[in-house]
Amino acid sequence: AQSVTQPDIHITVSEGASLELRCNYSYGATPYLFWYVQSPGQGLQLLLKYFSGDTLVQGIKGFEAEFKRSQSSFNLRKPSVHWSDAAEYFCAGGGDFGNEKLTFGTGTRLTIIP
Amino acid sequence: DTGVSQNPRHKITKRGQNVTFRCDPISEHNRLYWYRQTLGQGPEFLTYFQNEAQLEKSRLLSDRFSAERPKGSFSTLEIQRTEQGDSAMYLCASSPRGRNYEQYFGPGTRLTVT
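Which chain is which? The protein sequence lines are A and B, in order.
At position 18 of the first sequence the residue is numbered 18 (this note's numbering), and the sequence of numbers has no breaks.
At position 89 of the second sequence the residue is numbered 89 (this note's numbering), and the sequence of numbers has no breaks.
Note that these hints are calculated values from the structure, not bench results.
Just so you know, not all the hints are guaranteed correct.
Among the chain A residues that face chain B by a calculated CB cut under 7 Å, a handful are [to be verified]:
#1 Tyr27
#2 Thr30
#3 Tyr32
#4 Pro40
#5 Gln42
#6 Gly43
#7 Leu44
#8 Gly94
#9 Glu100
#10 Phe104
#11 Gly105
Rough simulated footprint, nothing fancy, chain A against chain B, three-plus residues with beta-carbon under 8 Å [to be verified]:
#12 40-51
#13 72-84
The beta-carbon is built from N, C-alpha and C at its ideal position, and this holds for glycine as well.
Only chain B is shown next, with the shape it has when bound in the complex (with noise of 0.2 Å):
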């Protein structure tokens, strides 16, 4: 049974760069979100998916974030011009269809931004 991938695993960039990083869910589960968790806090809703269509944006994501999922498999978030106030862990999770507040997480991206 895989669980939730994300890739890479840690990020290291520079201030104004453009990070792009991929989760890949559990087979066959329908609905994949993403949050953010900033050091000594929970994680925060981001967005989440429903198969390749994106139901509900938090207004964390600012303008410089964008996250794609489209063939309903894989996602991507995208984050432009990137700010030392973006560093944080990077989590997406997974849920099965009929089950969305099962969520079930990968082990997250962790981006530094000098």
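Same shape as in the complex, but just chain A (with noise of 0.2 Å):
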């Protein structure tokens, strides 16, 4: 069955520095795979998506990810956090077997300290 794996349950990085948030999928095809960020209370954005091509995508609000089909990985990244970027982060696939809907991580808390 499909799955999506963040293996990561908190991060803490300090402002400034660079991030990498972990995600690991299994499917039996290429998925298409997808960031989104959620703060306290609010529902879901999209940050990023990959759906074939380009494997490294760039995304809203300076972020990035990589997709390593050799690792079965879509990691998040930003070379320089913000205070403002402390949410919750969840890595999301779909499209095996032509299932509509999105399977999700159990999602990365990003802690930043000044």
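Starting from two chains that each stand alone, build the complex the way the hints lay out.
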């Protein structure tokens, strides 16, 4: 069955430092992959998406992600975080066997320290 | 550009009562999705519509849950005889024609069953 795993429950980084959030997927074929961000009490905002083609995708707010088939990963990166990036980040996958639904990971909570 | 809207944003109800939530998708998005998110978890798929047709329902959607999208525009999700385990954030998303996996989420309705 398709699944998305986010191995890090909570990550703390200093403001201005670089960030990498991990995401691993298990799908029968190349899935569609997404990163969403959720601020407390809010819905999810789409940061970026990967469907095919260039394995390095750019998103909003200075985020990027790289699809690595050999590692079944789709890690999210940002070169320099801002205090406003503190939130919950969810990796999601879809597209296996024509399923319309997205399958989400359990999320990574990002804390930014001054 | 109006995003997905959901009403109410918060609902507190007593166990055994019925509740109904509404979702208004982005204009001209033909697909509409419902997800449920419990504390500390990623969203889980409940059901989705293409126009007014309900095309898939998750096993999470018990007999007490019903969703409709009568005219292919807004959708309602009703929970009958609520239980404490129904307490969660209920998220609605919509996607544009031909880009089904590009789902845009609303702010959610937080349900608390006492």
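A quick look at each hint next to the structure:
For Tyr27(A), the shortest C-beta to C-beta distance to chain B is roughly 13 Å, which exceeds 7 Å, and the interface hint is violated. The beta carbon of Thr30(A) is not positioned within 7 Å of any beta carbon in chain B (closest approach about 12 Å), and the interface hint is therefore violated. Annotation: interface hint on Tyr32(A) holds; nearest CB of chain B at approximately 4 Å, less than 7 Å. The closest approach between the C-beta of Pro40(A) and any C-beta of chain B is roughly 11 Å, which is over the 7 Å cut-off, so the hint fails.
Checking Gln42(A) against chain B: minimum C-beta separation of about 6 Å stays under 7 Å; hint holds. Satisfaction of the interface hint for Gly43(A) is found here, the shortest Cβ-Cβ separation to chain B being roughly 4 Å, below the 7 Å cut-off. Interface restraint check: Leu44(A) against chain B, minimum CB-CB distance 4 Å, threshold 7 Å, status holds. Nearest Cβ of chain B to the Cβ of Gly94(A): about 5 Å, under the 7 Å cut. The hint holds.
For Glu100(A), the shortest C-beta to C-beta distance to chain B is roughly 6 Å, which falls under 7 Å, so the interface hint holds. Taken as an interface hint, Phe104(A) checks out: its beta carbon lies about 3 Å from the nearest beta carbon of chain B, inside 7 Å. Among the interface hints, the one on Gly105(A) holds; its C-beta lies about 5 Å from the nearest C-beta in chain B, closer than the 7 Å criterion. Counting residues of the region 40-51 of chain B whose beta carbon lies closer than 8 Å to any beta carbon of chain A gives 7, which reaches the threshold of three, so the coverage claim holds.
Counting residues of the region 72-84 of chain B whose C-beta lies closer than 8 Å to any C-beta of chain A gives 0; at least three are required, and the coverage claim is violated.
Hint compliance for this structure: hints 1, 2, 4, 13 are not met, and every other hint is.
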